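S.K.: Construct the complete structure from the given sequences, taking the supplied hints into account.
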Amino acid sequence: MTARQARSRLASVVLSAVVAGALVLGVAGSQSWQAGRVTAGVDTTSRPSGDLRQAAPTGSVLVSSPHDGGVRLAARQPLEPDSVLLRGAVETVTVDPASSGQQWTGVGAALTDASVAHLEGRPDLIRLLFDPASERGARLQWLRLPLSATDFSSRTWGWQVRKGTVVPSPPALRTLRFLRDQVLTVNPGLKIVATPWSAPPRFKDRPTWFGGHLRDDAVTSYAALLVGQVRWLRRHDFPVRALTLANEPGLASDYPTMLVGDGQLGRLAQRVGPRVGRLGVDLWALDHNWSDTGRAARALRTAPGAYDAVAFHCYEGIPSQATGLDAPWIMDECTGTDDSAVGTVTWDSRVLIDQSIAAGSTGLLMWNLALSPGQRGAFGGCGTCRGLMTVDGDRHYAEPEYYVLAHLSRAARGGSTVLDVSSPLDVVSVGFRRTDGSVGVYGYNGSDRDRYLRLEVSGTEGQVFRIGPREVFTWSR
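When the sequence shown is numbered by my numbering, its final residue is 671 and no position is left out of the sequence of numbers.
It cannot be assumed that every hint is accurate.
Beta-carbon label-pair distances, calculated as ranges [as the list claims (entries may be wrong)]: (1) D410 x P382: 35 to 43 Å; (2) E285 x R400: 17 to 25 Å; (3) E274 x G587: 46 to 54 Å; (4) Q354 x G568: 27 to 35 Å; (5) E314 x T517: 39 to 47 Å; (6) V361 x R400: 23 to 31 Å; (7) T578 x P317: 27 to 35 Å.
Honestly, the hints are just simulated from the structure, not real lab data. No experiment lies behind these values; they were computed from the predicted model shown. Built from N, CA and C at the ideal position, the CB exists for glycine as well.
M.R.: What follows is the structure, given as structure tokens:
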């Protein structure tokens with residue numbers, strides 16, 4: 195079982211008691227979610243700002259339901275708290291404005307070769323994913339850019355060295371042209387984290403893209419390649435803000451992958467970190483699972499000052515394992531699979547958002563932006579992964595992960611500060627103070643009944659809203 199295929203097992207272990215009832219509704223939930231798909235036809239307007247207060251009437255929440263295809267990023271107005279219907283039924287969600295947690299970085303997903311193929315020439319889908327003012331859009335703030343072929347590529351590729359200069363190969367150029375001409379024109383403020391899946395075969399103990407180990411005598415050359423890639427991207431105005439040294443350095447598989455030892459990671463970080471730092475780019479450590487937190491801690495000790503953050507994946511371990519690291523951490527890869535819509539929003543809300551932020555997470559990046567049903571790359575890898583959007587011929591629809599990120603991006607923009615929130619059992623509530631002083635809350639009703647929630651900032655008057663069973667909601671104040 196690959197790490198990605200293990201995700202469903204992890205979900206069942208972590209939330210077996212919580213989701214048991216929800217999974218009974220899985221098939222219907224999944225079908226109804228797709229029935230409410232986002233299409234270009236309903237996203238024809240844009241607004242001058244990404245602020246939630248401009249995307250919904252003042253005093254409302256936005257809600258999305260895995261059951262009702264007509265409730266997707268829909269505004270819902272407050273109820274009268276003294277209504278007969280609500281007597282004795284109101285529960286309170288309170289944001290503490292005096293608290294102060296970690297700084298939030300943002301949300302995003304990965305631009306794999308498969309995603310490029312589905313999104314090229316589709317300005318409607320690109321706008322839905324990246325336009326920061328799109329009324330129905332996800333409003334992604336980060337993009338993960340592969341620096342080599344991945345498990346969602348149709349052929350192997352890397353970058354080239356010509357006359358001592360690192361330059362992109364033709365497959366890399368296709369992605370970069372798409373990014374420059376079709377994505378960055380929609381969202382010039384997008385931030386990029388660049389990640390290699392494998393060094394070129396000449397740097398490995400076996401001359402192959404698939405598995406193998408980085409050679410000790412190739413560390414210096416590989417470091418120069420990584421710095422050269424970042425330098426080229428920055429010189430050509432690609433907004434690279436972060437770099438990782440290797441995707442999943444503890445995994446060798448039947449697609450482009452590479453094992454990298456702890457000592458090698460330390461030497462790479464010492465050579466790469468200061469040099470990309472002078473280019474305005476952060477270095478993120480590890481880029482593997484929560485269960486590998488020990489490796490992350492060793493990386494920070496081995497190369498003190500070289501790393502700016504730690505990147506984690508969700509496929510093994512639990513978020514609390516990442517607590518207490520000597521650097522901020524961010525979730526930079528987790529994939530949707532063939533889970534039901536209810537199971538997905540439950541797991542994502544509780545584990546990727548609530549538990550992860552409580553453990554110090556500063557952002558959430560998912561895996562593929564767009565895939566076709568059951569798609570995998572030419573080499574193997576995950577056959578049950580799904581993108582934020584599914585593109586099936588002339589049909590396309592947003593998956594549950596799309597709406598989870600859409601709500602989170604509206605609750606918290608980059609630079610927001612995490613706030614403490616108190617809430618009733620089975621209601622996920624995560625609060626943020628935005629840079630303009632306003633407050634946003636990402637929430638999820640994890641029960642199978644309507645909840646009447648008074649949403650309030652401590653010391654101010656709240657508002658009461660009906661939040662339906664398993665609905666995700668965003669509130670702004």
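S.K.: All the hints need checking, so say for each whether the structure fits it.
M.R.: These are the hints, each one checked on the structure:
1. D410 x P382: 35 to 43 Å: At 42 Å between Cβs, range holds.
2. E285 x R400: 17 to 25 Å: violated, 59 Å
3. E274 x G587: 46 to 54 Å: This hint holds: roughly 48 Å between Cβ atoms.
4. Q354 x G568: 27 to 35 Å: holds, 33 Å
5. E314 x T517: 39 to 47 Å: holds, 41 Å
6. V361 x R400: 23 to 31 Å: holds, 26 Å
7. T578 x P317: 27 to 35 Å: holds, 29 Å
Hint compliance for this structure: hint 2 is the single one not met.
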